[in-house]
Structures are given as C-alpha cells and as structure tokens.
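Visitor: The whole structure should be built from the sequences, with the hints applied where relevant.
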Amino acid sequence: MKILRFVAKRLFMSIFVLVGLSILIFLISRVLPGDPVRMALGPRAPEWAVQNMREQMHLDKPLYVQYYYWLSGALHGDLGQSLFTRRPVMDDIKEFLPATMELALFAGLIMAIFGILLGAIAGRYSNTWIDNSVRIFSYVGVVTPSFVFAILFLLLFGYLLRWFPTAGRLSPGITRPPAITGMVTLDSLITGNWAALGDALWHMVLPAVSLALGGMAQEARITRSTISDNLRKDYIGAARGFGVPERLVMLKYLLKPSLIPTVSILGLDFASLLANAFLVELIFNWPGFSRYGINAMLRKDLNAVSAVVMVLGIVFVIVNILVDLVVAGLDPRIRLGAERSK
Amino acid sequence: MAFWKRPSFQKRWDGLRRGWYKFSKNPVSVVGLFFVLLVSFLAAFAPYVAPYPQHAGRFVNFSEASQPPSLKHPFGTDVFGRDILSRVFFGFRYSLMMGVVVLALVVPPGVVLGLLAGYYRGTWIDTVIMRVTDVFLAVPPLILALAVCSVLTPSVFNAMMAVSLMWWPWYTRLVYGLASSIRNEFFVQAAEVAGASRSHILFREILPNCVSSIFTKMSLDMGWVILIGSSLSFVGLGAQPPTPDLGTMVADGAKYLPDQWWIAIFPALAIMITVLGFNLIGDGLRDLFALEEV
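So the protein lines, in turn, are chains A and B. So the first sequence is numbered by this note's numbering: it starts at 4 and just counts up by one. So the second sequence is numbered by this note's numbering: it starts at 2 and just counts up by one.
The set of hints was computed from the structure by calculation and includes no laboratory data. Careful, some of the hints might be misleading.
[What the hints assert, rightly or not] Here are the simulated DSS-like pairs of lysine-lysine, each with C-alpha atoms no more than 30 Å apart in a straight line: (1) Lys-26/B <-> Lys-236/A; (2) Lys-12/B <-> Lys-26/B; (3) Lys-256/B <-> Lys-73/B; (4) Lys-12/A <-> Lys-97/A; (5) Lys-23/B <-> Lys-236/A; (6) Lys-259/A <-> Lys-12/A.
Guide: If you want it as structure tokens, here you go:
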C-alpha cells in the first residue's frame, strides 16, 4: 500500500511537470519565428491555401486559444496531423515508437549490466591494472559522442569485417512476425519464431552498443568509486571478522548498498540514451520514433515535433518513477524515512 | 561593510598557489589542462598555425580532393580538396566558442535563481523557480535544444541560443541544493541578525561557498556543451556546411565512409580530445575540492 501511495504521489506531481512541458513545447513551436504552414505547403503555394491551412490549424487565433485546442486534442489522443506525412501524428507514433523502445530497452540493459559489472570489478580490485583499464575505457566512453561510436562501429563491424548488418531491423529474407507489441524481438518470442528473434537481435547489436557505451562508462565510474569507498568501511571489516563468507560480504553487504548512487543516475543516463537515439537511429537507418522525430525537426513539422517531445516527457516520468522505486527498494533509509513522515 | 573584509592580494596569491600545487599533484588533471591549453592555443592562433588557413571556408581544389593523410596534408583532404588539419584547427574555434558563450549566458541566471530558491526555501519563490526548473529537466537538454533549433534557421548562433535556453536549470538545481543547506549555517544566521542586506547574504555569504562546485560543474559542462553543439551540427541543425565546425565535418565525412575514413575520423578525434581535456580538469577539480554533488 505504501508503494502504491508513493507511486500515486509521484504521478500526481508528474502531471504538473507534463502540463508545464506542454506549455513549454507549445511556446517553442508557436512563438519562435518561422512559418510552419509555408514550410509544409512550399513557397509557391497560393496565399488562400496557406490561409486555409492556418485556419484549419487554428494558427490565426490567439495563443491561449491555440493552446486550448492543442491540449484538448492531446487529451483525446489527437495530436494533430503531421504537416509532412499528412497522417495523424498519433498513428505515426504508434507505428514508430515500439522500434525505439525496443532499441532503448536493449541498450539500457547492456548499459546497466556491463556498467555495474565493470565498475564493481574495478572497485573490488582498485588500483590494479584492471581498475586502470576500466578507467581508461570509461574516459573514452564519456568523451565520445554516441554518433562517433555509431560511425566507427558501422565502419569497422558493418563494412570492413561484415559481422553485423548495417541498417534496418530485419534481413530481407526474414518474414516479420505479426505485430502484437510492435517490438520485433518480443513478437517473435511470443510467436516462437526463433529465426526472426535471432535476426532482430543481430540487427540491434551495433546501434544498441553505440547508444549504451556513454552511459555504461558513467555507471562504471560511479559504481567503482562507491564500491572502493565502501570496501574500506568498518562494517565490511566487521562482517569479515565475524567470518561471513566472502561471497556473501561482496554481494549482500558491499554490492547492494553500493548500487544506490548508480541506480539513481540510471534514469539520467537512460534519458541521454534516448536523446542520443535521435542521432544513432539516423545513422543506422533504424525505422524508429527518434528518426521520425529528427526528420520532423528537420522539416519543421510542428505538430510532430511537439508530440515527439511530449511522448518523451511521458516516457521519462515513467522511467524516473521506476528508478525511484528501485532506489527505495535498495535503500532502507528512504523506505523508512517515507514511512516516518506519514 | 564591517563583517566582510576583502582578503589581501598576498593572501589570495598564496591560496592560488596552494590550489595549483594540489591540482598539479594529480597527473591526470595536468594532462587535461595540457589538452585544453593546446586546443585553446590552436583555436586562438588558427589563422597562423594552420598550414592552409584559406581552406577554412568556401574553397575548392579538385586536383587535391580526397587525398589520404600524407606529409603535405597530415589529416588528408576532403572531397573539395580542403586540408582537414587546417579545418580542424578552425573547428576548435567554434567548439570553444559554443562552450564559452553558452556557459556565460547560462551560469549567471541559473546561479541567481538557485540562490533565490535555496534561500527562500519553502516559500512561493522556491516553488515557482523549482517547478519551472523541473519542467526543463523533464526532457534531456539535447532534445529540447533540437526542438528549438528546428523552428529557427539553422546557424551556429541559433544553436548556442537553443542550448543556453535549455542548460540553466542544471545550475539552478545545483546551487539550490547547496544554498538551501548553507542558509541554515551559523554564519548566515549571524549575518541576518547583524542586519545584513539580502543581497549581501546571497552574494557574499552563500555564493562564495558554492563557487567551487559551480566551477567544477562549468569545467565538466564545457565538455557536455561541446558534445551537444557537435551533435546539433551533426544532424544539420547547427553550423552549416562551409563553416568548419567539427560536428558538421563528421557528418560530411560520414558520407564517404569507409573508403575515405580520414574525413570523418580526424574531426571526431578532435571533438574527443577537447571534451576529454575539460572532463579531466573537471575531475581534478572535483577531487581537489572533495565535492560529491556535482
């Protein structure tokens, strides 16, 4: 029940953030200079057509009226029509979002698992050659833009060594499993289509790894420093002195509390991962939401841009709540503190 | 002011020297400083140190197009026959300018808002400032910057404005956390009791205790802002092609991979070196000041 109340409280607070975000993105799309209708219709469209479309989009009304139309539409699941594909933005998003979620989740898993693993090993064996190699790796990971990783991997593993496919989600010969969730890996898992599953994973490796490396380096750095700090604390010495088996000391007494700072920044790292997906999807020609978003931005497709940013805002609200729940699960101080305040 | 005496020049000089001594004991931060100084030097004197300064902008020489790295062109030439080494030197200018301009625009308002919200913690000022901050932090800065750039005409200047518009909340949040705990310290209460003005308390009592964190964050952020700037140029929403921006150069070069690898790889390495330098300095400062929250 406590957990439910916590989630309800966070959701309630998130509503304000999302309303604020909707105002912000609305202002960005309507107040800044540039004429979206001209952009959509082209410079040679007759004035009456431009005027018609403006009226159709309510762009001729005052800002607060425009915002009202936009928000009431959004609440009914109508995010307007894309100025470019001429389809409802909602349909576009439904089509493209699963591909990005699939990629981001896969990359997020790689990031969390390997980041924590590398950091834990480096922290446990701090100031050895292992620690130094992990440190060098994490510097390279932190300072390299993910689009550079993407280009390098594409070049090395895609074109030169030909180990991985260079674009798309599936090879031409593979039939796509029926869309249940829209995520090819999950769909093929559900339908038991192992060939498609393997092929889909194969296509995801390069983009996912290019996305994951930056966050992975951050996670490794943070885990390393907390583990090596905690290792020197008295309670670890005490546990060892009592003869607690080393495995138990490491996993239960050292790793679990050391993960709190790492998990707290996982949300931020996942956020920057999704931001970088905007570039990486473009490079790997991944037919996802971010590629849709970046194309919308390049074409000044106002409705699509606002919708893309709003959807990302909602995704982050959910991710942050999940992260807070995991942190609360790991950290008894937060759990008990929350209890006392009630 | 009776309760705040300006430290003597000698005292400041000694403090600076002590700081440098501690900073220089960490070889990694010195390496970072070296990279930053090198990049700044090359950027500042690009017209004089670049072997072919005229290649920075619009220049075409197809007889030397797409040459691999050689003694004449250490980083090779691009498809228009322009020397990539020279263009990288000029590219440093845009990267550093991006970082400096964005931070100069972002830090003062971000810090002042954070100080206000932290000092007036629990009042409506706190609520208004921090809720607005939350909205900006709800989506990664790169995406909001992309969205802003998409409605503006793409240019270096507009990219800077877009990143600045999205970056101040990070400083507000950092300073807010610091200020709201410092405001309960005895020296702040003493100043309040002594009748010090609000601006004295904010800027003379609280702000000096935040400076080390702010500087450390600025050093790390130089790297992040440069990364974001190059990402904007990479997708074509920042600097436009004849401009020798590192992100634009990577994007151009990516079209000619894998055969003419040098066109994209050297500008990419240049971005990495710049960001690495600022990151190493930032880490050194963080260790120096023993900070945790940055």
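Visitor: Please go over all the hints and tell whether each is borne out by the structure.
Guide: Cross-check of the supplied hints:
1. Lys-26/B <-> Lys-236/A: Roughly 26 Å between the alpha carbons, so the hint for Lys-26/B and Lys-236/A holds.
2. Lys-12/B <-> Lys-26/B: With Cα atoms ~22 Å apart, Lys-12/B and Lys-26/B stay inside 30 Å; holds.
3. Lys-256/B <-> Lys-73/B: Holds - the C-alpha atoms of Lys-73/B and Lys-256/B are around 24 Å apart, at most 30 Å.
4. Lys-12/A <-> Lys-97/A: Since the Cα atoms of Lys-12/A and Lys-97/A sit roughly 28 Å apart, the hinted pair holds (cutoff 30 Å).
5. Lys-23/B <-> Lys-236/A: Satisfied, since the Cα-Cα distance of roughly 26 Å is no more than 30 Å.
6. Lys-259/A <-> Lys-12/A: Holds, at roughly 26 Å.
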